[in-house]
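Participant: Single-letter residue listing:
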Amino acid sequence: MTVLTGNTENTEDTETASTARLAPAPRPRKPLGTRAYKVFRVAALVAVVLFLVAPLFWMLLASLKTNVDIYDTGKSLLFTPTFENYANVLQRNNYFVFIFNSFWVAFVSTALSLVLGVPAAYAMSRFTMHRSALVVLMARVIPGVSLLVPWYYVFSNLKMVGGFEVLILSHMFVSLPLIVYIMMSYFDSLPLELEESAQVDGLTPIGAFRRITLPLSVAGMATAGILSFIFSWNNFMFALVLSGSKTKTLPVAIFDFVSYASIDWGGLMAAATVVTIPIMIIALFTQKYIVSGMTAGATKG
Amino acid sequence: MSVLTPPRSAQSGPPSGRGARRAPGARENFSAWANRHRKWLFAAPAMIFVGVLIVFPLAWTLYLSLTDSQGSVRAASEFVGLQNYLTVLSDAERFWPAVGRTLSFTGVALVCEVVLGMCIALLLWRPFRGEKWVRVAILLPLVATPVAVGMMWRLIFDPNIGFVNQLLGMVGIPPQPWLSGQDTALGTTIFMDVWQWTPMVVLILLAGLTSLSEEPDEAARMDGANAFQRFFFITLPLMMPTVIVAILLRGIDALKTFDILYATKGKGGGSFHEVETLNVYAYGLSFDYNQYGLSSAVLILFFMIIIGSMWLLTMRKKAVSK
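Here the protein sequences come in this chain order: D and G. So my numbering is basically just the index in the first sequence, starting at one, shifted up by 874. So my numbering is basically just the index in the second sequence, starting at one, shifted up by 14.
So that you can see chain D by itself, here it is in the shape it has in the complex (with noise of 0.2 Å):
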């Protein structure tokens, strides 16, 4: 980087002192692109657009569609939208006990790893703790499958399998990790000094940290705490295994449009919409905290 920079440096040095010398005005910066590539990039980005909402538009339509519809090809675009689907899904499968659910296993793990996560990310970037960082950043790396055997021998002789603990603990097993990795990066870019003024304004540390990081990191911690909620409601394998009846989240509920003869292909893109929508409002409300969460770190090298 260094030498690059001062290269650059010498390069515009030679520069200014040219145009200074040959000619008074400075030289016309290029534009940024011709008019063949405005097009093309005009076109490209509607093609990027596209390729990643036409599927989705497609489960929608498919949604709202009577099986013989969806069958029949003729009627791709032109058909008679139909709710019965949802209904379907809704009432007669109960898909709000899913619903809340996902939710509520969600919403109670991405709340215990922040109160978990957020002072061990603390104490991991303020005393560098490079090593003990690593180990909770272990469990990304780690397949899930390894740990399920163990964990449903625990947990079926615990008589815990197939109620809510068992799904909050495993969700946490993923929230921690990211909650940590991503508010390690945050308070790296906290300045020290705040904290250390209000301690010479007689805090204590801990102190500081609550009552000067904490109030300063809540943006922080929003970002850390979507993203862990996204992840945790979009989770499949754990509750797969460790879901009892009364407990399946959504994910796991969608196979129930799925039998080994037939698909309803209506109520299962019902059942898929379903799941999909609560997360993708709350992306698009959230956008910039997920966008920063998601490159947390990830540029620093």
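In short, the hints are calculated from the structure, not lab data. Just to be clear, a hint being listed does not mean it is correct.
As the list claims (entries may be wrong) - A few chain D residues that don't get close to chain G, going by computed Cβ distances all over 10 Å:
id, residue
1, 968
2, 978
3, 1034
Stated by the list, open to error - Chain D regions said to be covered by chain G (calculated; three or more residues, Cβ under 8 Å):
id, stretch
4, 916-927
5, 937-948
6, 1006-1019
7, 1069-1083
8, 1100-1111
9, 1147-1156
10, 1163-1170
To be verified - Computed cross-link-like contacts, DSS-like style, restricted to lysine-lysine with a CA-CA straight-line distance of at most 30 Å:
id, chain 1, residue 1, chain 2, residue 2
11, G, 281, D, 1033
12, G, 331, D, 1162
13, D, 1162, G, 146
14, D, 912, G, 146
Quick reminder that beta carbons are idealized off the backbone N, C-alpha and C, glycines included.
Guided by the hints, dock chain G onto chain D, whose structure is given.
Facilitator: Using the frame of chain D, we list chain G on its own:
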């Protein structure tokens, strides 16, 4: 907010006055003790939680991999040494193909995602009108529930009623089997992974691009370098650390892909195990066949593959950052 404050016991009293008056000696001492040990007081709960939930199960898996445990974890099992590993490593029918699929799934998906991601990130680099809408579009696949995404593509790739074959029909290409074909299934699932996770790579690379300093690029422009030269000789080398971070983050998850494969092909990766990766294989061994000893051996080997590839990437990153 109140949820987020540390446990009562860890808090110091108010800095002056009240707390001290109520319980002078003990309170002050505890607070002082807490402050002195705050490093571990803060870090320990999370580390203990993760340790209990990870280290102990991992040790158990390691132990199980050395026994002939099957049927029920509760059933008596005998210590068989490295027998399971020998069985697994000489299994050319399920294990080695699964290794191959895991590596090719991850490799192909990563290459597509990084190349596509870089192209899209470059398109988005300079500000433009409608930027907001593109950002929304990028976020949607990223937050969509993977199982639902799998189901969605299952309909779109359906050989008879799927949209893809309808489109192909319009230009006169005969219907393809996609997910149901033995040769095409893995490629189709890779495509789904690319759809869902390229946006993640775009976000990371875009963050990297925006934090690049403009000067080297400007200088090269003045020297008359064209856009391609500037990209390959200036931007790309500067971006290499970010690219490797993106590969690392995405690679870990791609190796462990489960949701989409299970949602589209079901148990065992389809009737011919056409999308059975190591993760799907180990899951099936554990929860469909209850072969705990064997599945543990597979998992330990799988874990070693993951750690190995991460280590290689980290080394590469260090070399690039220098």
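Participant: Now, for every hint given, state plainly whether the structure supports it.
Facilitator: Hint check:
1. 968: 18 Å, holds
2. 978: 15 Å, holds
3. 1034: 13 Å, holds
4. 916-927: holds (count 7)
5. 937-948: Answer holds; 3 residues pass the 8 Å Cβ test.
6. 1006-1019: holds (count 11)
7. 1069-1083: The restraint on the stretch 1069-1083 of chain D holds, since 7 of its residues have a Cβ under 8 Å from chain G and three suffice.
8. 1100-1111: With 5 residues closer than 8 Å to chain G, the stretch 1100-1111 of chain D meets the three-residue bar; holds.
9. 1147-1156: Contact hint for the stretch 1147-1156 of chain D vs chain G: holds, 6 residues under 8 Å.
10. 1163-1170: This one holds; 4 residues, not fewer than the three required, reach chain G with a Cβ under 8 Å.
11. G:281 <-> D:1033: 27 Å, holds
12. G:331 <-> D:1162: 28 Å, holds
13. D:1162 <-> G:146: Given pair residue 1162 (chain D), residue 146 (chain G) holds - Cα atoms ~11 Å apart, limit 30 Å.
14. D:912 <-> G:146: 18 Å, holds
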